[in-house]
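> Residue numbers (full-length UniProt numbering), protein chains in the order written: chain A, 1 to 365; chain B, 1 to 365; chain C, 1 to 401; chain D, 1 to 401.
Some clues are possibly wrong.
Below, computed lysine to any residue pairings styled on SDA-like, alpha-carbon distance capped at 20 angstroms [as the list claims (entries may be wrong)]: (1) Lys392/D - Ala364/A; (2) Lys141/D - Asp216/D; (3) Lys181/D - Asp247/A; (4) Lys392/C - Gly65/B; (5) Lys392/C - Pro258/A; (6) Lys392/C - Arg389/D; (7) Lys380/D - Ser233/D; (8) Lys271/C - Ala364/A; (9) Lys275/C - Gly270/D; (10) Lys271/D - Asn269/C; (11) Lys392/D - Pro258/B; (12) Lys380/C - Ala364/A; (13) Lys380/D - Pro395/D; (14) Lys392/D - Gln386/C.
Hints are computed from structural coordinates only; laboratory data are not their basis.
Just so we're clear, the structure is a prediction, and the values are computed from it rather than from any experiment.
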Amino acid sequence: MSILYDEGQQAMAEETRRVLAARTDRARQLELLDRCGEWDETFWTTAVDQGWTALAVPEAFGGLGLGLIELGLVAQEAGRVVSGAPFLTYGHGAVCALLASEDEGLQSTWLPRLAKGEVKAAVAFAEESSPMQPHPSVEFRGGKLQGAKSGVAGGLAADIVVVSASAAEGPVLVLVEAGDVLERRAIRSFDNSRLFADMIFDGSPARVLVSGDAADEAALDIQAQMAVLAAHEQAGGAEAAMQAARDYALERRAFGQPIGAFQSIKHRIAELYGLVEIARANCIHAAARQGRGDFLEAAACARLSAIEAYDMATRDAVQIHGGSGVTWDGGLHLHMRRARSLAIELGNALFWEDLLAIELTGVAA
Amino acid sequence: MSILYDEGQQAMAEETRRVLAARTDRARQLELLDRCGEWDETFWTTAVDQGWTALAVPEAFGGLGLGLIELGLVAQEAGRVVSGAPFLTYGHGAVCALLASEDEGLQSTWLPRLAKGEVKAAVAFAEESSPMQPHPSVEFRGGKLQGAKSGVAGGLAADIVVVSASAAEGPVLVLVEAGDVLERRAIRSFDNSRLFADMIFDGSPARVLVSGDAADEAALDIQAQMAVLAAHEQAGGAEAAMQAARDYALERRAFGQPIGAFQSIKHRIAELYGLVEIARANCIHAAARQGRGDFLEAAACARLSAIEAYDMATRDAVQIHGGSGVTWDGGLHLHMRRARSLAIELGNALFWEDLLAIELTGVAA
Amino acid sequence: MTDLDVWQERARAWLASVEPEFGLRARAGLTQDEDLALGRRYMAAKHEAGFSGITIPIEFGGQGLSPLHKVLFDTLEAKAAMPIGYFGVSTAMPLPILIRYCDDKAWVRERVVAALRGEEIWCQLFSEPAAGSDLAGLRTKAEGGEQGWTINGQKLWTTFAQYSDYGILIARSDPTVPKHKGLTFFWVDMKAPGVTVRPFRLANGDIQCNEVFFDDVAVADSQRLGPIGGGFSVAMATLMIERYAASDADGFGPSIGAFVEMLRPLTINGKPALKDGRVRSVIARNHALRQGLDSIRRRAMLAMEAGMEPGPEGALNKLFSVRSRQKLSELALDLQGSAGLAYTEGAYTKADWASSWIGAPTMRQAGGADEMLLNTIAEKILGLPQDHRPDKGVPFNQIPA
Amino acid sequence: MTDLDVWQERARAWLASVEPEFGLRARAGLTQDEDLALGRRYMAAKHEAGFSGITIPIEFGGQGLSPLHKVLFDTLEAKAAMPIGYFGVSTAMPLPILIRYCDDKAWVRERVVAALRGEEIWCQLFSEPAAGSDLAGLRTKAEGGEQGWTINGQKLWTTFAQYSDYGILIARSDPTVPKHKGLTFFWVDMKAPGVTVRPFRLANGDIQCNEVFFDDVAVADSQRLGPIGGGFSVAMATLMIERYAASDADGFGPSIGAFVEMLRPLTINGKPALKDGRVRSVIARNHALRQGLDSIRRRAMLAMEAGMEPGPEGALNKLFSVRSRQKLSELALDLQGSAGLAYTEGAYTKADWASSWIGAPTMRQAGGADEMLLNTIAEKILGLPQDHRPDKGVPFNQIPA
């Protein structure tokens with residue numbers, strides 16, 4: 001079954017929105033576009049102060065013991081304001097990887113610090129154009145990593161990195177303390193606050209989290225959980241873009257009336273409303289299915305509808321804004337850029353279509 | 001280079017349109033939907049009387065020695081009125097097959113009769129869901145055919161049938177005189193005047209037209225030529241549906257104004273205009289490229305854009321007509337049905353996408 | 001199990017028990033008249049089993065249960081493909097309107113029970129040749145007043161009028177005021193002198209819609225529902241009742257599962273169709289869309305269960321699901337190639353791709369055209385301005401035809 | 001070979017000869033100022049080679065050739081990626097307007113030659129904050145009359161105003177008449193006192209658009225182009241001149257061929273991307289669309305060559321090609337995965353997918369927003385009614401802001 005947000009969850013969403021509205025600064029966000037390697041520290045300290053980093057960490061490790069539903073609520077609000085750092089999603093990925101591990105030492109070392117926001121994490125699964133690999137080219141031998149991962153979001157700032165690799169005994173997920181043991185090549189991007197980096201491991205020491213089939217399973221589950229959070233961000237961003245279009249259509253006049261009275265505009269915004277609500281419904285449903293047998297299917301639905309909603313909403317919102325949609329200072333391109341970076345991070349639509357098709361047909365591509 | 005229709009061609013198009021407008025009867029067309037095995041004899045006698053069957057037959061065989069451009073012009077007009085018989089396209093397929101053959105006896109037997117409209121032809125390439133086969137399951141042994149072909153348009157009325165088959169020495173195209181040597185299983189269809197039949201050959205005598213690699217090449221060229229004619233029909237049908245929507249939008253009033261003043265309606269019709277013109281341009285170009293190295297590519301472009309235009313135009317024209325778009329007597333469903341039958345005959349869009357992708361990338365699917 | 005779960009299980013069990021007698025297989029090959037007769041028997045059986053008129057108050061012969069009960073039952077019933085189409089309009093809109101607006105309660109109860117048992121059928125006489133999306137543009141005249149009325153004019157698109165005993169009707173009682181204001185609502189006897197019903201055929205071959213002509217039809221003032229000139233708001237109340245009707249994320253066409261099974265044996269260019277990226281994309285995207293609509297519906301049900309008003313996003317279902325059905329059905333035919341050319345008129349739209357395809361445009365009109373739904377979403381949910389309507393505030397008889 | 005073919009071959013040869021000095025590679029890494037300087041040298045070289053001002057009469061310093069010659073040359077020039085962007089507006093619209101409406105022919109000839117040689121740049125001062133699609137809603141005031149004018153107001157979106165020596169301007173000379181009727185057209189000196197130019201940045205980082213403020217700028221009546229109150233038709237004539245401009249079926253983004261080559265080494269789920277049905281579908285459909293637009297363009301050229309008016313379908317190119325470019329560019333980034341994240345501001349849009357993607361929305365606005373193009377097609381080609389415009393016929397100063 002789907003869920004209705006309860007009162008606590010609703011209150012949390014409202015409080016998150018209020019706090020983020022107060023602490024988000026469009027001018028600062030625009031500046032970040034020109035700076036490779038920087039992020040919105042105000043957003044991140046807010047996230048830490050508000051306890052968002054602790055939300056989905058078990059209480060035993062200093063967290064609040066909540067889950068994807070609550071983290072999704074925050075992600076949706078963060079997406080609405082095009083948040084200036086990727087650490088919540090990938091921190092959750094690291095939390096999931098640690099929880100999938102049986103290494104209590106690693107758990108007790110890192111989970112409390114992740115909950116407190118003392119460390120930032122990245123998750124490095126992608127290699128070149130492929131978001132996940134059945135046989136990663138990165139090798140893990142004798143406690144050390146060798147090879148390269150591509151386009152790691154948050155990679156330029158991460159303190160720890162969860163890496164998928166191939167070991168003699170099969171696939172593994174390992175944990176690397178970033179420090180100076182790895183080379184990070186910054187990717188100058190159209191959305192620089194995502195902190196994308198290629199990572200080159202040349203004998204970097206790493207600790208095993210999960211190995212064998214369990215590693216593959218864990219990687220897919222982690223990817224799906226992060227994708228559900230990204231989908232919430234995308235749905236939030238899509239809604240914000242849709243609302244910007246609505247507001248502009250009410251305010252801007254042409255030919256003697258608000259442009260929202262022209263059906264080409266108003267119907268397009270109504271279509272966006274539909275895409276946003278469908279994506280949001282899939283997001284809520286997916287968050288509620290975490291841990292169940294149909295979670296991957298639900299995550300794929302959320303991801304696909306959220307990608308579509310954000311793409312369509314940014315395309316149409318920019319178009320409806322006319323010239324003012326394409327100025328730098330107007331800032332709508334923040335959403336346009338974020339729609340693209342989030343569509344690429346964690347696997348593009350084709351990747352999720354294939355995953356979902358396997359779930360629905362039992363047939364591999 | 002593309003071509004401009006010359007004055008003779010333009011006059012021919014206008015005359016064709018005039019004749020067809022005078023001889024087409026919507027009530028008769030609607031009745032044909034309920035009758036399996038019947039066609040619009042008035043359309044066919046008109047086609048014969050006007051010499052359309054002779055257009056692309058060489059003068060040496062009693063034809064006019066023109067080509068795909070002129071036949072395309074007629075097909076476009078026939079598509080506009082949802083013509084009630086499929087014989088022009090498939091007759092041309094048979095002419096092409098005979099011309100590809102080196103058997104002068106067969107040519108002199110059949111080409112003059114095809115030019116005069118004395119015989120009706122069908123082309124049977126499809127087997128089950130596949131429009132063409134690298135290795136047809138129909139076998140040709142000792143002058144006889146064994147096996148089945150599916151969904152042959154015009155099959156219920158054809159006097160001769162061009163069949164693709166596998167022989168000991170490789171692929172062949174053969175000619176069968178239909179008569180009573182084959183079993184035709186009528187397909188009750190949503191567009192009955194297409195005269196679809198499954199054909200079962202159980203030792204039917206047949207004559208070889210082309211064999212070996214030349215047979216495969218000829219089959220592809222015949223398929224492409226017929227597809228270009230079908231694309232002309234589709235473009236004509238799409239234009240007629242678009243114009244019906246335009247006329248209705250000018251006439252029908254709601255909320256005190258013609259519904260064509262509402263942007264949701266007028267913009268949709270403008271988009272249809274674009275799709276129709278793009279399809280038409282591709283059709284004219286393809287017809288002019290017949291015999292050149294890029295003909296298959298041009299044919300695929302024509303086919304793909306014509307399928308898209310006719311589908312979109314019928315979907316939107318019906319929608320714009322509101323309730324009157326879905327009544328039996330209103331007859332717009334004639335276009336909707338024809339859009340579907342023409343999209344399936346001669347290979348669906350996926351088939352042509354793959355052919356075009358091979359031409360453009362050199363990579364098979 | 002909650003009470004609701006228990007009730008739902010009971011409904012499921014009852015439906016399963018009668019499915020052999022009334023379901024899809026039993027209906028195969030029946031003429032429309034035979035199917036209607038079977039439907040009447042089904043309705044009687046349903047009434048006896050206590051699943052009729054779920055939301056209608058007990059004192060009027062219904063079950064007096066919640067809209068959620070009704071949604072649950074309707075969903076199960078639709079799956080079983082019972083012969084209920086003939087009674088859909090009849091029981092959905094006219095009965096609640098009678099209950100609300102008609103003073104003779106004993107008579108109303110008789111009508112309600114007869115309609116619920118399939119013994120009598122009601123139709124809804126709203127649309128006209130010149131009044132579809134623009135309902136208030138209707139021209140059928142009601143002349144007279146408290147001493148009695150005379151109806152003249154023509155209705156169109158009246159579903160199953162050919163089988164109807166009664167109808168609810170909206171007509172123009174005053175052409176000198178703006179168009180929304182001069183309308184009055186009545187119930188009429190479809191067998192009364194001067195009423196002529198002409199069934200006509202739809203594009204898919206169905207004969208369920210009618211033209212209905214009123215030629216000096218006498219109607220008593222006691223048949224008036226609501227105040228004189230108050231007909232538009234009664235009509236709007238009628239249309240609002242449809243809001244919680246069972247919605248189907250498949251747009252009343254076949255499911256994605258059916259699409260997958262249809263494709264399983266097929267090939268594209270010699271390779272399994274289910275391995276083709278285009279096919280996989282269509283499966284995945286349409287499934288994601290429909291799952292979203294389903295999640296919206298389930299959230300609405302949870303909200304109703306909790307006594308809350310469901311969100312406005314419930315309005316999206318028809319718009320999105322029917323368009324998905326339309327394109328998926330086209331593709332289903334195309335992918336079958338030659339086999340996609342076959343057509344059986346009247347096949348069940350949830351099980352037959354050709355039937356689903358050819359009926360989809362009708363679904364895009366019925367219950368509000370796409371364009372009207374988009375306007376409603378834009379105006380009512382998003383607060384965007386109404387588009388220009390030159391007839392606004394103009395007396396009806398001064399609007400150019 | 002026809003004369004035209006000979007001429008085209010000569011143009012091709014000349015462009016090839018100067019491409020090393022001015023083409024894409026020569027421009028790589030230049031600042032905008034350096035690129036502009038290179039552009040001025042290219043324009044001078046082009047003028048000396050006899051390929052400047054192709055359709056401009058010989059007596060004004062042009063070549064006096066046909067629009068077809070211009071289309072052929074522009075297409076070749078665009079392929080070579082020459083630094084001509086700064087002079088695009090300058091030579092396209094202002095010069096023909098000066099030639100047509102300005103009386104001092106000697107002065108006009110001087111200006112034309114200077115502009116063709118890249119020594120002077122003209123801008124077009126049309127759009128305003130409250131007047132984009134609705135050009136006639138502009139508010140910049142021109143007060144005075146035959147004794148001289150004073151301009152006050154603000155223009156927006158003025159391309160390369162920051163480099164311009166002169167501009168053509170439309171302003172409101174009479175606010176008491178309906179909005180299309182009170183406009184007058186002028187040329188202005190961009191260095192005159194009271195003119196302030198403020199460049200601003202676009203979403204893709206480009207700095208080519210400007211706000212231009214007019215603060216009591218004096219303009220002589222001899223600078224008026226066309227009659228007082230006749231400005232709207234001069235502006236429309238200006239915009240019509242764009243009609244035969246070189247159109248690009250790729251929407252000024254990368255070609256389908258480039259898409260294929262970009263994909264050749266990539267995989268999707270471990271299989272070659274070019275074998276994926278989704279990718280093949282996108283390649284095939286976008287190619288078919290662009291081939292259609294190309295065929296339309298070639299037919300138009302044949303018509304022009306034959307001295308006929310080309311069909312109205314030429315208007316489709318921008319609408320369809322730029323939308324194709326937008327979606328294809330998004331997909332190109334997605335398919336590259338991590339490599340698609342990289343971005344170089346200012347990269348050439350025909351060669352760089354990220355640049356093409358981020359610039360596409362601007363192209364959907366420039367030269368008429370999609371919505372205005374659809375209106376034009378619907379009204380001018382298909383004869384559909386204009387949509388409601390409440391300000392029609394209302395004196396400008398009585399329209400609510």
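> All hints are to be evaluated individually against the structure, with a verdict given for each.
Results for each hint:
1. A C-alpha spacing of about 60 angstroms is found between Lys392/D and Ala364/A, which places the hinted pair above 20 angstroms, so the restraint is violated.
2. Straight-line distance between C-alpha atoms of Lys141/D and Asp216/D comes to about 10 angstroms, which keeps the hinted pair within the 20 angstroms bound.
3. Proposed proximity of Lys181/D and Asp247/A is contradicted: the alpha carbons are some 31 angstroms apart, above 20 angstroms.
4. For the given pair, Lys392/C sits about 63 angstroms from Gly65/B by alpha-carbon distance, which is inconsistent with the 20 angstroms threshold.
5. For a cut-off of 20 angstroms, the pair hint linking Lys392/C to Pro258/A stands: about 18 angstroms separates their Cα positions.
6. Of the pairs offered as hints, the one joining Lys392/C and Arg389/D holds, with about 16 angstroms between alpha carbons and a cut-off of 20 angstroms not exceeded.
7. A distance of roughly 17 angstroms separates the Cα atoms of Lys380/D and Ser233/D; the hinted pair therefore holds under the 20 angstroms criterion.
8. About 13 angstroms separates the Cα atoms of Lys271/C and Ala364/A, which keeps this hinted pair within 20 angstroms; it holds.
9. Using a Cα cut-off of 20 angstroms, the hinted pair Lys275/C and Gly270/D holds, with the two alpha carbons roughly 14 angstroms apart.
10. A hinted pair counts as satisfied when its Cα atoms are at most 20 angstroms apart, and Lys271/D with Asn269/C qualifies at roughly 17 angstroms.
11. Between Lys392/D and Pro258/B the alpha-carbon distance is near 18 angstroms, which keeps this suggested pair within the 20 angstroms criterion.
12. The straight-line distance between the Cα atoms of Lys380/C and Ala364/A is roughly 44 angstroms, outside the 20 angstroms bound, and the hint therefore fails.
13. Distance hint between Lys380/D and Pro395/D is unfulfilled; the C-alpha atoms sit about 25 angstroms from each other, more than 20 angstroms.
14. About 19 angstroms separates the Cα atoms of Lys392/D and Gln386/C, which keeps this hinted pair within 20 angstroms; it holds.
Checked against the numbered hints listed earlier, the structure breaks hints 1, 3, 4, 12 and 13; every other hint is satisfied.
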